Structures are given as structure tokens and as C-alpha cells.
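*Asks:* As given, the protein sequences belong to chains A and B, one line each in that order.
Going by this note's numbering, the letters in the first sequence line up with residues 946 to 1193, in that order.
Going by this note's numbering, the letters in the second sequence line up with residues 2 to 323, in that order.
Simulated from the structure, these hints should not be mistaken for lab results.
Predicted model, so just to flag it, every value in this text is computed and none were measured.
Treat the hints with care, as some may be off.
Straight-line distance between alpha carbons at most 20 Å, and here's what the computed SDA-like set of lysine to any residue pairs gives [claimed, not checked]: (1) LYS143/B with GLN970/A; (2) LYS279/B with SER1184/A; (3) LYS79/B with ASN1079/A; (4) LYS314/B with LYS1164/A; (5) LYS316/B with ASP968/A; (6) LYS1172/A with LEU1185/A; (7) LYS1191/A with ASN322/B; (8) LYS310/B with PRO1176/A; (9) LYS995/A with ASP1177/A; (10) LYS1164/A with THR280/B; (11) LYS130/B with PRO1167/A; (12) LYS1191/A with LYS279/B; (13) LYS192/B with GLU1107/A; (14) LYS1168/A with PRO291/B; (15) LYS1106/A with ASN193/B; (16) LYS294/B with LEU1185/A; (17) LYS995/A with THR1032/A; (18) LYS314/B with ASN1178/A; (19) LYS130/B with THR1158/A.
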Amino acid sequence: MKILVCISHVPDTTSKINFTDNDTQFDTNGVQFVINPNDEFGLTRAMWFKEKQGASVDVVNVGGPETEPTLRKALAIGADNAIRVNTPATDGFQVAKQLAQVAKDGAYDLIIAGRESIDYNGGMVPGMLAALLNANFVNTCISIDVEGTQATATREIDGGKETVSTSLPLVIGGQKGLVEESDLRIPNMRGIMQARKKPLNVVEPTEVTAQTTAEKFEKPAPKGAVKLIDPDNLDELISLLHNEAKVI
Amino acid sequence: MSVLVYIESEEGKFKKASLEIASYAKEVAQMLQTTVTAVTFNTSDVSELGNYGVDKILKVSNDKLTNFNAEAYADVLKQAAEKEQSKVVVLSQSANSKYLAPLLAVHLNAGYASNVVALPESANPFTVKRTAFTNKAFSFTKIATDVKIIGLSKNAFGLKEVQADATAEDFAPTLSDADFSVQVTNVDKAKNTVTIADAEIVVSGGRGLKGPENWGMIENLAETLGAATACSKPVSDMGWRPHSEHVGQTGKPVASNLYIAIGISGAIQHLAGINASKTKVVINNDPEAPFFKAADYGVVGDAFEIVPKLNEKLKEFKAKNA
Ligand SMILES: Cc1cc2nc3c(=O)[nH]c(=O)nc-3n(C[C@H](O)[C@H](O)[C@H](O)COP(=O)(O)OP(=O)(O)OC[C@H]3O[C@@H](n4cnc5c(N)ncnc54)[C@H](O)[C@@H]3O)c2cc1C
Ligand SMILES: Nc1ncnc2c1ncn2[C@@H]1O[C@H](COP(=O)(O)O)[C@@H](O)[C@H]1O
């Protein structure tokens, strides 16, 4: 089985978000970038397929040279090859189109992406990619097993979960649950050394026009101060929630 | 030209988020001087939709569509959009709508903006305000395609009731085998509990509660308020509560009207995921806990004393105001 894991390169979860150029660009100054947490779960599940079922695992990112350390980290965790499509990511559709080309060229059976990336929170790429490839698609996927060309997956739904059966080629939008948090891998010294020698292929993009553009960003208005309520006067809290906030 | 909305229901009842997108679609339709068409799946009584601005209903009745199926539902919505020559499709941000939206976008050649929080800034160019960076910022996003899909965040617009009648007609789209190549084999869904996605109120507990055995008071409070229960990440990581209750940047997003955080410190990753909630209450014994900077109302004190007392008082309040 050939697996492709889509890796989105995102600001670390503690990052303060700021903008430059008249609020049109994300300010990357001082921001640390990481593998999107949802993709980390997917990558670790891919390692399981590699070790238990002899799958090959490639990772891909659509982005400029600055994303290479993130791809190297994925190689250090155990991916075999990395591919970088040499173009900045502009919108979900443009990224999905680029990934679709890579997926076609490599004839992958299983494509693991994340439910959403924690930067632009599109939640668009995996579904669009599946539709462009005419592949099956399971979103908010919390478990995946493959036997031959048949796949069984569990997905989270509002208020529970459901099991689905489908076949390869398949795209999943993965999240926490694909593997346990405690099974996530941190690259060790040996992995980091090996990753230096593994191939990181840079491919040129296909021509795509983005469908959406982020014209401007804005930060939420600063919050007013919290109203503190005496623990011995909880009636006041109830009255505020009822009369002022009007939520009960 | 009609603005199209996908209406979700559960056990014959329309989801509030679906009535909300109908209200929203009505105002978008007014901007574009057109009408609203809703698509319903296997629901018999659809008359209520007129009260939320829907002009016309396409009723789909098909046994094959009893379980939600993203590919098949996207195919139905595509055919409905084509029939109505819709230029704008409005979806909620439920798990199912988020699942089918990108499929529909590709099938309709439509640009899709998710997590939209307000009416379009302008119709030409078509620009919407959406949250980005997990609620740490907003982005004004221009959709350049002829057909546009909007995913509206829960509680971002509210319900707007109007007195009007909608006309209903049966709609029988053509389904293919390929629509069912992902088959649901089992559904495991809690009955009679409020889900985080649908809840108006969410009661959430953190590591300050010391252990799973102390969740009784959280559940009692949630029951009194008709709320869903949630938890911080370490709580689900330690197995005190199921993973499905984990909220925050890497867990479920919360956009409720009221979020009550009990024994939660208010780490940036936690706040990012719940900040879209309208009113936030924190109960914490450490006045320095960062959550007090993010909350509207706060009580400094021991949760083990406050929560049961608050629950009793809320019960009295509910009894009086019932
Ligand atoms: C990559 C990454 C992603 C993350 N994603 C998320 C996420 O999605 N969601 C999330 O929640 N976290 C997330 N975290 C974890 C986050 O950083 C915090 O560690 C976590 O939110 C802390 O949980 P807590 O507030 O329950 O626990 P703690 O930080 O331990 O806080 C417990 C609080 O309880 C209070 N307390 C103690 N006893 C009492 C009492 N008797 N009465 C009242 N209050 C009491 C304490 O004062 C304290 O403020 C993430 C972390 C990382 C690194
Ligand atoms: N630039 C990118 N390169 C590779 N994969 C991406 C990129 N952007 C998004 N993805 C994948 O798509 C998932 C969802 O992203 P999004 O649609 O942006 O929320 C991510 O978790 C990744 O798996």
C-alpha cells in the first residue's frame, strides 16, 4: 500500500497571532512552526501501516522553502520520502489541486490529511482533494484499518461516532483518536540523522487560480474586564446571566 | 438564482443551526433580490421553515438517504443548486455539513468559505467575514467564483422569525451507485443527551476537579441547565472523560451562548477553541488563573463548594421561571 500524508505547516498552538502590511499578511516574526496537530496523528497512524503492513509512506506539503524543516521532521518521525510543491498555499482549492497532481503522479492508495489545519481552519483540503481525485472520503476520522483494497473507518459525528466501510483509493480527514496521544512520536537522534539523507523532492506547481482570497485580517476587539461575583452571593450570578447576558 | 440551504433534522425535528442558516439566507437573498430554497431529506412536515424565511422547499424522500451520506447528499444538493440556478449555497457548520461542503464545492465549481460569522460585507465583490487562526483572528475573504458556498458558524447570526408560507414540492434527484461507495455500517450515538455541537449551554470541567469520580456535580449542573458536558484536554487524555468531550484548539470547537469553565486554568489552546462562545463564566480557586482575563463573569473559590450550591440555586430559579 502506498500512503501519502498531507502535512500542513502551522504556527505552534501557543503563538500570538499578528498581522503586517496593513493587516493583509500574517506576521511570521518570532512564530514557531509545527506539523499541524491533526496531521501528526495521521502520520503516526501511517507509521503503524508501514511497520505492521509494509506500507510505504510519503509526506507532502504545498508551500515555500520555509516549510522544509517541518517536512524533515516528518521524515525524522519515519516517512520514507518528502515532496514539496514549490508554491505558497493561497486557498484550500489551490492546495487541493496541487495535492491532487502529486497524488495522481504517485498513484497512492491511501491519502491521510487532517480534519482541519489550525491556521486558516478551512476544513476544505481533504474533501476537495477526494472530489478532485474521484476517491472515497471519510472526514473526522478517528480510526482506520485496511485489508487488501477494503477499508473500515470510524468517524466522529455530532453526539457519537459511526463506522463506515469503503474501498481504496481513499482520502481521510483525520484527527485525535487515529492513534493515542501517548503514541505520538518525537523524532529521536537516529531519526534526525537518517532524515538528512532521505529524499526531499521539490516539484513545480501546476497552474491553478485560487477561488478565494483573504483580503484583510482583524483581531477580535479587546474584552472588557471580568465581573467577579462573591461565592456567597451566587444569586447575583444567576441574575446577571438571566437579566444582563440573557443566556438562561 | 435562489439562495439554497441544506436543512438538517433529527428525529423529524429541524436543527436550530438549520433554522439559523435559513434566517441568514433570507437576508442574503434580499441583498441579491432573490428568494430562498431549502432542501430537506426524509422529513414529512416542513411547514415550519416558512417562518424562518424559506420561500420554497425541495422535499427529498428516499430510503437510501435515511443515514447521512456525504457523497450522496452532496450529489442531491448539486442537482438542487443546478435546478434553482443558485449562486449562493448556505450550510451550517455541523459535522455533516462540514463533511459535504468541500465535495459540493468541487462538484459546483464553487469557492467555499467556512466559519463565516456575519452577512456578506458586500455582494460585489462577494466578501465575507470568517474566523481564522482558531478564533484568534478574523479574515475578510473574497470569493471569486460564480457560485459561492458559505459555511455559517453556529450562533453567529441568530434566528429571525417571519410570518410567511413556503411552497413545498417533491424533488427526486438521480442517485448513482458511486454515491454510496462509503457505507455506514454502524451508528453509535448517545440518546437523549445534548451534544456539544447543538448545545446552547456547555458546562466544562478541568484538571481542578481532581478525578473522574467528581464529575457528578458537573453532570448535575449540566442537567439543570439542559447543557452539554465538556472537558479540557488533559482530562480526556487521562481518561477521566471520553475524547469526544475534549474541547479547545485541538478538540471540538464550542460556539455556545453560555460556556461555564470549572477548574480550568484557561490555557491559550483551550481558550482558542471556546472563544466563539457568547458568554463565559469561570469558577476557579486561583484568582490569577488566565481564564479570568477571558471570561465575562468569574467566581473565585472552591468548585467543590460552589458548583453544588449554584446547582441548587439554579434549580430554584428554573422552578420559579418555568
Ligand atoms: C499542542 C497542544 C494542543 C493543546 N490543545 C488543547 C485543547 O484543545 N484543549 C485544551 O483544553 N487544552 C489543550 N492543550 C493543553 C493546554 O495547554 C493546558 O495544558 C490545558 O488546557 C490545561 O487543562 P486544565 O485547565 O484542565 O488544567 P490545569 O492547567 O492544571 O488547571 C487546573 C485549574 O483548576 C484550578 N483548580 C484546582 N483546584 C480547584 C478547585 N478545588 N476549585 C476550583 N478550581 C480549582 C486551578 O487553579 C487551575 O487553574 C494543548 C496543549 C498543546 C501543547
Ligand atoms: N499547504 C498544505 N500542504 C499540504 N497539506 C495541506 C496543506 N494545507 C492543508 N493541508 C492538509 O489538509 C488538511 C486540512 O487543511 P485545511 O483545509 O486547510 O483546514 C491539513 O490537516 C493537511 O493535512
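*Asks:* For each hint, tell me whether it holds in the structure or not.
*Replies:* Hint check:
About 15 Å separates the Cα atoms of LYS143/B and GLN970/A, which keeps this hinted pair within 20 Å; it holds. Of the supplied pair hints, the one linking LYS279/B and SER1184/A holds, its CA atoms being roughly 17 Å apart against a limit of 20 Å. About 16 Å separates the Cα atoms of LYS79/B and ASN1079/A, which keeps this hinted pair within 20 Å; it holds. Note on LYS314/B and LYS1164/A: the hinted pairing is violated, with a Cα-Cα distance of about 38 Å set against a maximum of 20 Å.
Restraint check for LYS316/B and ASP968/A: the C-alpha separation of about 48 Å exceeds 20 Å, so the hint is violated. Note on LYS1172/A and LEU1185/A: the hinted pairing holds, with a Cα-Cα distance of about 10 Å set against a maximum of 20 Å. Taking the CA atoms of LYS1191/A and ASN322/B, the gap is near 13 Å; set against the 20 Å cutoff, the hint holds. Using a Cα cut-off of 20 Å, the hinted pair LYS310/B and PRO1176/A holds, with the two alpha carbons roughly 9 Å apart.
Proximity of LYS995/A to ASP1177/A is assessed by CA-CA distance (about 59 Å); at most 20 Å being required, the pair is judged violated. For the hint linking LYS1164/A to THR280/B, the alpha-carbon distance of about 19 Å falls within 20 Å, and the restraint holds. Of the pairs offered as hints, the one joining LYS130/B and PRO1167/A holds, with about 18 Å between alpha carbons and a cut-off of 20 Å not exceeded. A threshold of 20 Å between alpha carbons decides the hint, and for LYS1191/A with LYS279/B the separation of about 10 Å falls inside it, so the pair holds.
Taking the CA atoms of LYS192/B and GLU1107/A, the gap is near 14 Å; set against the 20 Å cutoff, the hint holds. Among the hinted pairs, LYS1168/A with PRO291/B is consistent with the structure: their alpha-carbon atoms are about 13 Å apart, no more than 20 Å. Between LYS1106/A and ASN193/B, the direct Cα distance comes to roughly 15 Å. Compliance with the 20 Å bound is thereby established for this hinted pair. Of the pairs offered as hints, the one joining LYS294/B and LEU1185/A holds, with about 18 Å between alpha carbons and a cut-off of 20 Å not exceeded.
At roughly 29 Å between alpha-carbon atoms, LYS995/A and THR1032/A are farther apart than 20 Å, so this suggested pair is violated. For the hint pairing LYS314/B with ASN1178/A, the CA-to-CA distance comes to about 10 Å; that is within 20 Å, so the pair holds. Straight-line distance between C-alpha atoms of LYS130/B and THR1158/A comes to about 12 Å, which keeps the hinted pair within the 20 Å bound.
In this structure, the hints that do not hold are numbers 4, 5, 9 and 17, in rising order.
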